Amino acid sequence: MRTAIVFLFLLILPLGLMSGCASIVPATVTSQPRVSIKKGANIFVVARAQRERIVESLVDAGLNVSDEWVVDGYSLTVSVGRWRGGSGCRGVSNVAYVLNGGGHMLMVIKGRGQTDHCEPNVFDDMSRMFAAYAAER
109 MRTAIVFLFL LILPLGLMSG CASIVPATVT SQPRVSIKKG ANIFVVARAQ
159 RERIVESLVD AGLNVSDEWV VDGYSLTVSV GRWRGGSGCR GVSNVAYVLN
209 GGGHMLMVIK GRGQTDHCEP NVFDDMSRMF AAYAAER
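Going by this note's numbering, the sequence shown opens with residue 109, and the numbers climb by one from there.
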């Protein structure tokens with residue numbers, strides 16, 4: 109009996125850990141700006157992975173994305189974590205948007221979800237949140 113319980117525990121534990129690590133986490137602003145974000149300012153995107161998809165998402169959200177960094181604009185550094193929990197659109201990645209301007213970190217948005225061209229898409233959610241937040245300021 110004891111062996112059966114240990115076997116079940118060892119079988120269920122990895123499944124629980126895998127499903128818990130691969131869940132979608134809604135986008136949230138984890139660091140609010142201390143100064144107002146200029147509406148319509150240029151945003152230069154820095155991303156090692158999926159930059160084209162991120163830019164597409166930001167433009168669809170109504171933000172002004174620039175191909176070159178400009179002095180009075182902002183830089184948005186996007187970190188995309190390792191794909192977890194499955195192949196194709198079944199997996200998720202941790203994503204962080206870090207907005208910098210004037211030599212200071214202004215805002216951080218974090219979330220976990222599907223990326224690339226999967227739906228729903230964490231890039232779209234985070235970009236809409238960023239655009240809405242910038243419009244309020």
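Heads up, some of the hints might be wrong.
[As the list claims (entries may be wrong)] With beta-carbon atoms standing in for the labels, derived distance ranges: (1) S131 - D180: 16 to 26 Å; (2) V143 - R192: 31 to 41 Å; (3) G148 - R198: 35 to 45 Å.
Hints in this document: simulated from the structure, not taken from any laboratory. From a predicted model like this one, the values you see are computed outputs, not experimental measurements. A virtual CB, placed ideally from N, CA and C, is assigned to each residue, including glycine.
Hint check results:
no.	hint	in the structure
1	S131 - D180: 16 to 26 Å	violated (40 Å)
2	V143 - R192: 31 to 41 Å	holds (35 Å)
3	G148 - R198: 35 to 45 Å	holds (38 Å)
In summary, the structure is inconsistent with hint 1 from the numbered list given earlier, while agreeing with all the others.
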